[in-house]
Amino acid sequence: MTTTAIGVHTQGHVHRDDYGSKMGMWLFLFTELILFGGMFVIYAVYRFSHQLEFELGAKELDTLVGTINTMVLLTSSLTVAMSITAIQRGNKKLSMLLVGITIALALVFLVNKYFEWSHKFSVGLYPQAPELLSKPQGEILYFGLYFVMTGLHALHVIIGAIVLAVDMRFIQKNIITSTSYVKLEAGALYWHLVDIIWIFLFPLFYLVH
Amino acid sequence: MTDHTTPQAHETHVVGYGQYILIWAGLMALTGATVAFAGLELGRWIIITALTIASIKGFLVLSVFMHLRFEDRTFRLFASVSGLVLLIFIVLTFFDYAFR
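Protein chains in written order, with the numbering used here: chain C, 222 to 430; chain R, 213 to 312.
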């Protein structure tokens, strides 16, 4: 951090393009949209051809757990959004706390998901389970899609939590500061996308029965 | 690292905590509404109400939580185009299948 003219020229002028970084993150999110979009197409088509079986399948899911998980994710989106305001206002500790709460809520979501899946497994509802295979074709498809789509979503929750943990460390080490916080914004954008995907998965799997 | 390059400073829009909490409350209320609607026997309308509410929720997250409202036009254009592409992708595939 030298103040001489030479110092400014050699190390003071760090190239930074926050606009470009954010644009890159958005472009990446669009590819994620297409990844999940393909599965939503499959869902739409199979739902159309196996409507009754999809409704029976949805009855097997616990709406309460799904609703709780929706509220957990929405709240985690709130806290990560607020963490950006906190760092912009120079409130480092509050920002770290808010990112920490977001990660904790991600873990709550995953624990709920674990119990939900364990229950499904224990009653013989998992891919290739004999009990599931004895059901009509539409229900097999429904549970196939359920496990693939919520599974891929859960994987995104895990990745998002790791990214946010790195962001939290960056805030602590002053790599993310009140004037340079695009890394936190990128992590938050990813987290919001995970939330949006769940906003659509929740009604399509839990509510439509 | 001197601070005379402030690429974020000239376009920064700091969203207050209150506005975020308001949006969060709206999202929670919409979640309650979609669960309540699902409890009624709406038949075929259930998927329409569920998807409409989900779209409103998605819009709220995109515009406020993801700051699209406060970004410049390029971001909004990109997001709209990609959403539209996805919609065409789903609708066209679906119609192809439904009327085959």
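In short, the hints are calculated from the structure, not lab data. Incorrect hints may appear among the rest.
As the list claims (entries may be wrong) - Some chain C residues near chain R, calculated using beta-carbon distances under 7 Å:
{"#": "1", "residue": "Ala-265"}
{"#": "2", "residue": "Val-293"}
{"#": "3", "residue": "Leu-295"}
{"#": "4", "residue": "Thr-306"}
{"#": "5", "residue": "Pro-351"}
{"#": "6", "residue": "Ser-355"}
{"#": "7", "residue": "Gln-358"}
{"#": "8", "residue": "Ile-396"}
{"#": "9", "residue": "Asp-416"}
{"#": "10", "residue": "Ile-417"}
{"#": "11", "residue": "Phe-421"}
{"#": "12", "residue": "Pro-424"}
By construction, the Cβ of each residue, glycine as well, lies at the ideal position given by its N, Cα and C atoms.
Each hint, compared with the structure:
1. Ala-265: Holds. Min distance 5 Å.
2. Val-293: violated, 11 Å
3. Leu-295: For Leu-295 (chain C), the interface hint holds, since the closest Cβ of chain R sits about 5 Å away, which is under 7 Å.
4. Thr-306: holds, 6 Å
5. Pro-351: Hint violated; Pro-351 (chain C) Cβ to chain R Cβ min 30 Å, cut 7 Å.
6. Ser-355: violated, 27 Å
7. Gln-358: violated, 16 Å
8. Ile-396: With Cβ-Cβ at 11 Å, over 7 Å, it is violated.
9. Asp-416: holds, 6 Å
10. Ile-417: Cβ of Ile-417 (chain C) sits 5 Å from chain R, so the hint holds.
11. Phe-421: Interface hint status for Phe-421 (chain C): holds (5 Å vs cutoff 7 Å).
12. Pro-424: This interface hint holds because 4 Å falls under the 7 Å limit.
In summary, the numbered hints that this structure violates are 2, 5, 6, 7, 8.
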